[in-house]
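Chemist: Go ahead and model the full structure; you've got the sequences and the hints to work with.
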Amino acid sequence: MATTTPSKPSKAADTARDNRAKLLERAMSRHSYSGDALIEVLHTAQELYGFLTPDLLKSIARKLRLPPSRVLGVATFYHFFSLEPKGEHSYIVCLGTACYVKGALGLLETLERRCAKAGRTSPDGKVSVNSARCIGACGLAPAVIRDGEIVGRLTPRQVTEDLDRIGVK
Amino acid sequence: MTIEELSDIQEQEQARQQKLANRIYCCTAAGCVSCGADRVRQSLHAEVKKAGLQEQVEVCGSGCMGLCSQGPLVRSAADDALYGHVSPEEAAALVSGNPVDRQLLAGKRIDTTAPFFALQHKIVLANSGVMDPEILNDYIAVGGYQALAHAVTELSPPEVIEEIKQSGLRGRGGAGYPTGLKWELVAKQSSQIKYVVCNADEGDPGAFMDRSVLEGDPHRVLEGMALAGYAVGAQQGYIYVRGEYGLAIQRLQTAIKQAERADLLGNRVLGTGFQFRVDLRIGAGAFVCGEETALIASIEGKRGQPRQRPPYPPESGLWERPTLINNVETFANIPPIIAKGGEWFASIGTAGSKGTKVFALAGKIVNTGLIEAPMGASLRTIIFDIGGGIPDGGRFKAAQTGGPSGGCIPEQFLDVPVDYESLAKIGSIMGSGGLIVMDESSDMVDVARFFMEFCMDESCGKCIPCRVGTVQMHDILARMTRGEGTPADLDMLEQLCTLLRETSLCGLGQTAPNPVLSTLRFFRHEYDAKLAASRGGAQ
Amino acid sequence: MSVKTLTIDGKMVTGIAGETIFNVAWNSGVRIPRLCHVGGVSDVGACRLCLVEIEGQKKLMASCMTNVEEGMVVRTNTERLQSHRRLILELLFAERNHICAVCVMNGQCELQDMAEELGMDHVRMRYLFPKLEVDTSHERFGLDHNRCILCTRCVRVCDEVEGAHTWDLKGRGVNSLIIADLGEPWGQSDTCTSCGKCVQVCPTGALFSKGRTVGEMRKDRRFLKYIVTAREKHQWIR
Amino acid sequence: MDSLIKKPRLATVWLGGCSGCHMSFLDLDERLIDLHQMAELCASPLTDYKDFPEVDVTLVEGAVANEEHLEHIRHIRKHTKLLISFGDCAVTGNVTALRNMFGVEEVLDRAYRETSTQVIGIPRGNHAVPKLLDRVRPVHEVVKVDYFLQGCPPSADKIYSFLMDLLAGRQPKVEERRFG
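Chains as they are written, first to last, in the numbering used here: chain X, 1 to 169; chain D, 1 to 539; chain H, 1 to 238; chain U, 1 to 180.
Some clues are possibly wrong.
[Said to hold, decoys possible] No farther apart than 25 Å at their CA atoms in a straight line, the calculated lysine to any residue pairs in the SDA-like style are these:
#1 X/K102 with D/I390
#2 D/K302 with H/G173
#3 D/K302 with H/S42
#4 U/K78 with D/K302
#5 X/K126 with X/E109
#6 X/K102 with D/P391
#7 U/K144 with D/L490
#8 U/K158 with H/S42
Hint data in this document are derived by calculation from the structure and do not stem from the laboratory.
Modeler: Right, dumping it as structure tokens:
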């Protein structure tokens with residue numbers, strides 16, 4: 001279980017936080033607080049908060065009138081949901097067959113060696129490493145989504161240089 | 001919008017477009033966007049403005065134009081020319097009507113008479129490159145929603161189903177169940193509440209057909225679903241789309257809003273008494289949700305775990321109501337079938353497999369991208385003629401179809417027609433349309449290991465054979481690739497193949513052994529070589 | 001209530017429409033193996049041990065999820081089924097750390113019984129040896145993930161009979177784990193009523209009463225029939 | 001014809017186990033005399049032997065936990081006609097394999113550093129501690145095994161009926177194939 005809580009909020013962040021709670025509430029009310037909408041609500045919660053904390057899950061469970069264990073069960077079944085804070089930078093390595101055939105594993109290995117196992121964030125919070133089944137950029141294989149942007153035809157060496165550049169030890 | 005208004009808009013929009021000096025289509029599919037199509041489009045807009053041609057030249061988006069390896073792609077309608085690897089600096093030349101400027105782009109022009117284009121037969125992708133997926137009127141201009149209009153005014157629901165049955169259309173999601181029969185089954189149920197679900201949880205690694213259709217022609221999918229709703233008596237539809245498909249989700253949201261506002265969806269479709277609403281459900285990263293009972297569980301907000309069938313969803317599906325589930329490409333085929341008739345559709349393809357099939361070509365192939373070929377085209381045509389063969393002088397070794405549920409097809413079957421029956425006969429499946437080409441550098445045992453790893457990661461964990469069997473099979477394959485396998489391992493691997501196929505709860509587990517079985521069948525010598533080179537079991 | 005006549009392992013038997021093959025077989029003395037089924041709660045067809053052959057059907061069907069039909073010809077114990085069942089047990093034994101010799105349920109365990117009954121005498125694949133927790137935070141009970149086979153009997157009995165839904169599964173595939181509430185230690189669960197039903201239905205030593213040592217744990221699930229009959233028929237039969 | 005008259009030769013070995021199976025073997029009590037009439041016990045932890053002799057039947061107690069076991073069991077397999085995994089440690093790894101959830105280093109630290117009171121650290125030198133394998137294995141993962149005798153330990157009755165069948169040339173019927 002992730003026990004990490006978001007870092008201490010500033011005043012400005014406080015108001016943003018209120019807004020987030022309001023927006024989440026609105027998403028739940030749009031679905032009439034129906035338990036069937038759990039996945040949609042978790043999507044919204046993750047969009048707003050970045051990741052799902054136990055408190056967040058508990059409050060969603062209460063609002064949707066669901067048993068907490070079911071909420072955690074759903075949140076951990078789907079790989080899209082994260083129970084840990086994301087790193088400063090994110091690398092999603094496409095492991096679709098086209099990328100695989102063109103050497104995506106080498107990229108992932110480099111990232112895992114330097115940062116963290118796929119699905120995790122490096123201990124210093126710098127980089128989150130993930131893999132995806134297919135990001136649909138098969139023409140650019142092997143492809144990586146780096147901080148939200150697709151980068152194609154990468155080599156392990158380029159990844160290494162990239163990591164050096166952002167100061168990963 | 002009434003039916004008359006629909007026809008008016010079609011005429012007006014067509015006339016408006018004809019009056020333009022040029023319409024420039026910039027591919028906005030994910031493949032092109034990832035290599036800078038957005039910058040090209042911005043630059044085109046800027047150049048139009050700079051030249052003061054806002055009234056004469058229109059720049060718009062388009063669905064996937066197929067040749068993803070040459071993106072960003074831009075099509076100029078006035079001279080019907082397609083350009084590849086377009087850079088933002090070339091926008092001025094594209095916008096200009098000056099023939100000399102055009103000459104500057106000659107090197108970027110793609111020969112559309114080449115086999116890549118000439119041998120394709122486009123039904124599903126017909127609108128890609130000729131309309132902007134974000135503009136409803138564009139879809140209407142190319143005849144969109146006319147099939148729906150025709151059906152709701154002139155055909156009874158059984159007549160719609162009859163047309164689909166006559167077309168011989170089979171489900172494009174993989175299994176190939178006859179679509180008309182499925183519709184009939186749902187239509188027969190007496191329940192007041194029924195659902196239509198579009199399975200857009202395209203998850204095979206290396207497959208992006210459905211995403212391209214959703215991004216490039218979202219209204220067509222909505223129209224297909226509405227037709228299904230009309231035929232089976234459902235008033236609510238859901239599209240279950242992968243969370244990873246951000247652009248497709250955005251386009252669908254736009255399209256649904258447009259269609260609702262124009263009364264093409266909603267409480268009085270085209271001013272008639274027919275009601276049909278569509279809602280999106282965003283998947284959250286679980287391949288197993290492509291399995292229909294898991295998909296239903298997921299729409300209901302639960303863990304995406306399959307359950308035993310029967311009962312099948314047409315009898316008891318979403319919230320235990322009769323539910324029709326088809327995939328994106330199946331729905332995309334519906335409007336043209338209703339518009340042109342089942343007989344027309346049935347004239348394309350082979351005896352058992354009608355129409356066309358969209359394939360995503362990837363791997364060691366020159367023309368990586370999206371293609372549509374008539375059923376029955378041979379693998380050789382698809383890979384060597386349309387696909388341009390193997391790059392860098394490589395030699396073809398195998399083609400993988402059907403993703404983790406499919407198989408590897410060796411060279412000796414290159415001339416087998418690609419249809420449901422023929423692929424099944426050689427131990428693969430049509431699947432949803434991913435086609436990965438491998439050359440001599442591919443290690444087939446490792447390919448089997450790759451797919452097994454995929455199944456292991458995606459197993460939901462409900463039934464034991466799949467949950468633990470995939471782990472054990474992966475363990476054996478990994479040891480083999482490391483040169484640590486034994487003959488006993490190979491024997492166990494084969495036993496586990498049988499076990500998973502015969503005892504797993506759902507399709508994921510039942511078909512998980514397929515890549516192993518097909519590589520064992522055609523590339524057994526590679527397994528044997530690994531065993532021979534192995535150091536033996538212990539340590 | 002219409003009666004269905006069918007053949008199970010060559011024996012003519014009758015069942016009521018809506019009854020499962022599994023129940024009809026057991027009522028007529030044919031003991032189909034099972035691990036996830038437990039009478040009194042819903043079935044999930046997950047363990048795959050109760051698969052049977054039905055004449056005219058290509059696929060093997062989970063007998064706990066398939067209703068009897070008139071004229072059905074069912075085979076429950078063919079060589080193919082036996083070999084599949086043994087292999088499934090091997091998979092289970094290899095999945096987690098089932099060390100019978102040090103288990104509270106040694107001698108009473110349904111998994112151990114199944115291995116004996118089906119002649120699974122050794123595991124031909126690699127044991128996975130996952131490193132799993134033992135949760136002894138509850139004052140009366142313990143949960144040892146090493147012995148859990150993920151049959152979800154506890155989840156179902158807690159949800160359907162006790163109504164608390166304290167238990168569920170987290171994760172997926174081989175990484176699935178039984179969880180209480182939001183995955184906190186069982187002893188801290190807000191929803192658990194400490195009724196102990198989950199412990200009684202657990203087929204292995206995964207859920208156990210504290211204070212029992214090797215081979216001392218006994219489970220009794222007669223309460224299930226008592227409660228279910230009471231609830232459905234308003235008859236309190238002991 | 002000579003071999004037909006000769007009594008079958010029996011051996012028992014003790015790898016990574018607690019010797020409980022051998023204790024159970026000794027629980028045959030007076031039936032050891034019956035056994036002696038059927039077979040010659042050539043080598044066992046109970047007897048003194050330098051080199052493992054050629055035998056017909058070997059009962060192997062314990063799992064393969066270190067390099068010495070590995071070497072030993074491979075040697076034995078070459079010198080016995082039938083090899084029997086004798087008890088749960090040999091069949092499944094059992095208690096001996098409980099260390100597989102941890103790494104070798106962690107186990108050694110625990111045994112020789114954290115909980116040691118006299119000599120702290122791993123004894124070095126000639127054969128002080130045979131090198132542990134990364135993973136304790138059941139016997140059949142390393143060599144071919146002909147029969148499996150479960151139990152922790154297998155009861156004396158079970159051992160007796162199994163051996164009597166085997167030594168009389170009958171297919172052994174194991175009544176209780178029960179782990180634990």
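Chemist: Check each numbered hint against the structure and report the violated ones by number, ascending.
Modeler: 4, 8
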